Amino acid sequence: MSGEVVRTEQLGCCYREGCVLEDISFTVNAGDYVGIVGPNGSGKSTLVQALLGLVAISSGSARLFGSRCDGFNQWGRVGYLPQSLHLLNPIFPATVAETVGLGLLSLKRFPRRITRQDREKVDATLDTLGIYDIRAKLIGELSGGQQQRVLLARAMVNDPELLILDEPTAALDPETRERFYRMIAEINRSRGVTVLLVTHDTGVIGQHATRMLYLDKRMLFFGSFDDFCHSPEMSALFGEHSQHLMCHRH
Amino acid sequence: MDILEILSYGFIQRALLAGVLIAVLCSVLGVFLVLRRLSLIGDGLAHVTFGSTAIALAFKIYSAASLLVSLPVVLLASLGILRLTEKARLSGDAAIGIVSAVGIAAGIILASVGGGYNVDLLSYLFGNILSITREEVLIAAGLFCVVMLLLGLFFNDLLAITFNEELARVSGVQTRLISSVLVMLTALSVVLAMKLVGIMLISSLLILPAVSALQLARSFKACIGLAALQGCCSVVAGIFVSFITNLPTSAMIVLINLLFFGCACSLRRLLTPGNSN
Amino acid sequence: MKRRVILIVLTVIAMTVFVLAGCTTEKAKPSTKLQVVTTLFPLYDFARTIGGERAEVTMLLPPGMEPHSFEPKPNDIIRVSKAGLFIFTNRYMEPWAGSILKGIERKQLQVVDAGQGIAYMKAAAEDEHDHDHGDHHDDNHAGGMDPHIWLDFGNAALMADNIQAGFAAADPANATYYRANAATLKVRLTELDQRYRAGLQECATRTFLHGGHFTFGYLARRYGLEYRSLSGVSSESEPSAARMAAMVRQIRSSGVQYLFAEELLSPRLSETLAGETGVAVLKLHGAHNLGRDDFQQGTGFIGLMDQNLANLQKGLACRVK
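These protein sequence lines are chains A, D and F, in that order. Residue numbering for the first sequence follows my numbering, starting at 1 and increasing by one per position. Residue numbering for the second sequence follows my numbering, starting at 1001 and increasing by one per position. Residue numbering for the third sequence follows my numbering, starting at 2001 and increasing by one per position.
These aren't lab readings, by the way, just hints derived from the structure by calculation. Don't take each hint at face value.
Said to hold, decoys possible - Computed list of lysine-lysine pairs in DSBU-like fashion (alpha-carbon distance at most 35 angstroms, straight line): (1) A:137 to D:1221; (2) F:2107 to F:2283; (3) D:1060 to F:2314; (4) F:2107 to F:2082; (5) F:2033 to F:2107; (6) A:108 to D:1060; (7) F:2186 to F:2082; (8) F:2073 to F:2033; (9) A:121 to A:137; (10) F:2283 to D:1060; (11) F:2082 to D:1060; (12) A:121 to D:1221; (13) F:2122 to F:2033; (14) F:2122 to F:2283; (15) D:1087 to A:108; (16) F:2314 to F:2122; (17) F:2122 to F:2186; (18) F:2107 to F:2073; (19) F:2186 to F:2102; (20) F:2073 to D:1060; (21) F:2102 to F:2122; (22) A:217 to D:1087.
What the hints assert, rightly or not - With the Cβ distance kept under 7 angstroms, some of the chain A side facing chain D (calculated, not the full set): (23) 54; (24) 56; (25) 57; (26) 60; (27) 61; (28) 75; (29) 77; (30) 80; (31) 91; (32) 94; (33) 95; (34) 102; (35) 105; (36) 111; (37) 159.
All values reported here derive from a predicted model rather than from experimental measurement. Ideal Cβ placement from N, Cα and C applies to all residues, glycine included.
Between the sequences and the hints, there should be enough to build the whole structure, so can you do that?
What follows is the structure in structure tokens.
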């Protein structure tokens, strides 16, 4: 796999209340692991939602796999783990297996049926993520970390080429978080899956991501973690001490 | 009174048949509607039907033909509810409230403008489960087949949008289309079934079996199945109990549904002692 | 955004103007005649006859509406308060009449309870055939009395007297005129009564089965018929499956060929019973109210009752003289 997976040109998301994103231009190649970081309200989630066509783009352009995001339909190539976990209805009666199975719909055409092969695939994915034993539980009964993994399984079950994760570790304790990052890195390395990961753990993501995108309404930095650590703009932004802490945690 | 004698009456046979078909239909739709927070859509659309029947009667169109006026109006109203929740960012209950109030208001205004009717509007609007004709059993069967077929074809899409609309979109589900299919199937069922069994029964069958099933179900498919089962049993039991106790049939069916709901709640408590807080 | 606000404001203004315009045209022509407001159709018809051209009689109920589903609207209360004479059937039929009157200054308003002095019948328990306890009051009107007094034509004549007295009190100058009209009406009611007596004398069956709410109790009693209705005295009550079955057995065992149905309400239940037993459905008009077309054609109470007589004679297989 090679070539451009994501490409934006002067992307802007401006609404009646003002601009959330302005003038964002970057390209992500196949196999990249991009950490999207920035302060709260910097438009990180809006950026990935714009790429997925979930929010409207007001200027510029964004493309996934070469086709425009607003008319994108090759959903089988994409897996998405949303930030808004808490929006899941706790009384929703779906089992873990049923929930993960929904991720396979992107590979199907009308009428979308879940076959036995699909169920096997779901089981295999659950096994990979170490949650096979809870497959028959209702998602409402799980802990935050388990739910996160179920949704990750849902995002991965269709073997996507691009995985977009929005704050996947928000509900996790530090130890689980660490394991989670290692798992994503492993997926990126072994399967060549392109990863866009939104987070505010700048330091942690730096250990794994191949590229960093620092966002604060505008794109202030896009490049490797090393460059990020030695960028004078970033030291001006954070102060040298914080930058040092972020870049040399281990 | 023995069961064979009860079953010997044609109107009881038709009530059982059409009642069970409509109950299953409503219960299954109800699971999706309750989870999408559109539980009251049955009542809302009934009010719109009232308004649209007023239009039909003002033009002296009676009974069967009035459906030709009601059906498109109610289908549009159901889509209107959906658009209100999307565009105006209203919650489902508020959107339903708006549409239902407008429906009633339109009916009342038309009634005063038209200077009255030749018949009593409300009595023509609402059917009674005990007065179902043979043709209406066929209508119920046809409706059942259409709704079940479409639910079957779109089952996973419906499950996906009910679970989470954003995720469904990113899975390539055409969320607007599927939501529209859901509310339009509901509208179709409400308009037709209301003429057959009355609105009280429809709106309670849209809610009660679904909420009971949500108490107990261990998977989504089981939830659908439990809801359908309760709907079905409540109608059969309701008709027989109404026979034995000499009380109105529809009201009895509603009460039996409530009883099932109570049982489901207590059973859930018993099964999950740790979660009772 | 601004444009939308302006649009909404303009629409609201336009609608207000429209509504106000509609209101003003309504009250354009003041009349010097006695203004009479009645509730149900029999009263309207009697008052129309007694008032002749010296009174303007209107009916509160919109045409086609079953009186049991009626509830007065603010405008109705205004109409009553502007009238010189208000006539209602009785407190069992219109329990809301009292509450309307409470809110109205009654200095110039004469109120007539048309049922004054009439001996009321107890509303029969709908299902005494099945349960012979006689203490079923679940579906009854307020007070448990049958309010359909006008269907006994002797009572109807008394109602005419009550109405005439009201007219005379509200408009003493024309009292003799009203009295003369009332006398004519009573003669016509007596003739109607005689036609019924003669017409229902020799019938194959005297069992009179009705697939609606309990309406014709007075009529049945006066002419010696055995009357059974599907529902109780209120049209809102819903029959149980057992009651339907009992009615089916009753139709079969009595061997009648016809089942009678309500005039304004949907005849679904009657049709179901008829289909079950293979009898035919005949309409019988309780005269609570008229449909719009009948109302516009000026159909009268006595004409309706003559239609009923024809249907009764057909349904009970009476010899027509």
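(request) Under 7 angstroms, Cβ to Cβ, is where residue 77 of chain A needs to be relative to chain D, so tell me if that hint holds or is violated. (result) Given a least distance of 10 angstroms, the restraint on residue 77 of chain A is violated.
(request) With chain D as the partner, please determine if residue 75 of chain A meets the hint condition of a C-beta pair closer than 7 angstroms. (result) holds (4 angstroms)
(request) Below or equal to 35 angstroms on CA atoms is what counts here, so check residue 2073 of chain F against residue 1060 of chain D. (result) holds (25 angstroms)
(message) Does the closest beta carbon of chain D sit nearer than 7 angstroms to the beta carbon of residue 54 of chain A?
(response) It holds, given that the least Cβ distance between residue 54 of chain A and chain D is near 6 angstroms, below 7 angstroms.
(request) Would you mind confirming whether the straight-line C-alpha gap from residue 2107 of chain F to residue 2073 of chain F stays at or under 35 angstroms? (result) Distance ~22 angstroms between residue 2107 of chain F and residue 2073 of chain F Cα, so the pair holds.
(request) Verify the proposed pairing of residue 2107 of chain F with residue 2283 of chain F, using a straight-line Cα cut of 35 angstroms. (result) violated (43 angstroms)
(request) Measure nothing beyond the straight line between the CA atoms of residue 1087 of chain D and residue 108 of chain A; if it is 35 angstroms or shorter, mark the hint as holding. (result) holds (29 angstroms)
(message) For a C-alpha distance cap of 35 angstroms, please report whether residue 2033 of chain F and residue 2107 of chain F respect it.
(response) holds (18 angstroms)
(request) Against chain D, run the beta carbon of residue 91 of chain A and see if the smallest gap drops under 7 angstroms. (result) holds (6 angstroms)
(request) Against chain D, run the beta carbon of residue 60 of chain A and see if the smallest gap drops under 7 angstroms. (result) violated (21 angstroms)
(request) Sort out whether residue 2122 of chain F lies within 35 angstroms of residue 2314 of chain F, counting only the CA atoms. (result) OK: residue 2314 of chain F and residue 2122 of chain F at ~28 angstroms, within 35 angstroms.
(request) Mind checking the alpha carbons of residue 137 of chain A and residue 1221 of chain D for me, to see if they're no more than 35 angstroms apart? (result) Given that 35 angstroms is the threshold and the Cα spacing comes to 13 angstroms, the pair holds.
When each numbered hint is compared with the structure, violations occur for hints 2, 6, 13, 24, 25, 26, 27, 29 and 37.
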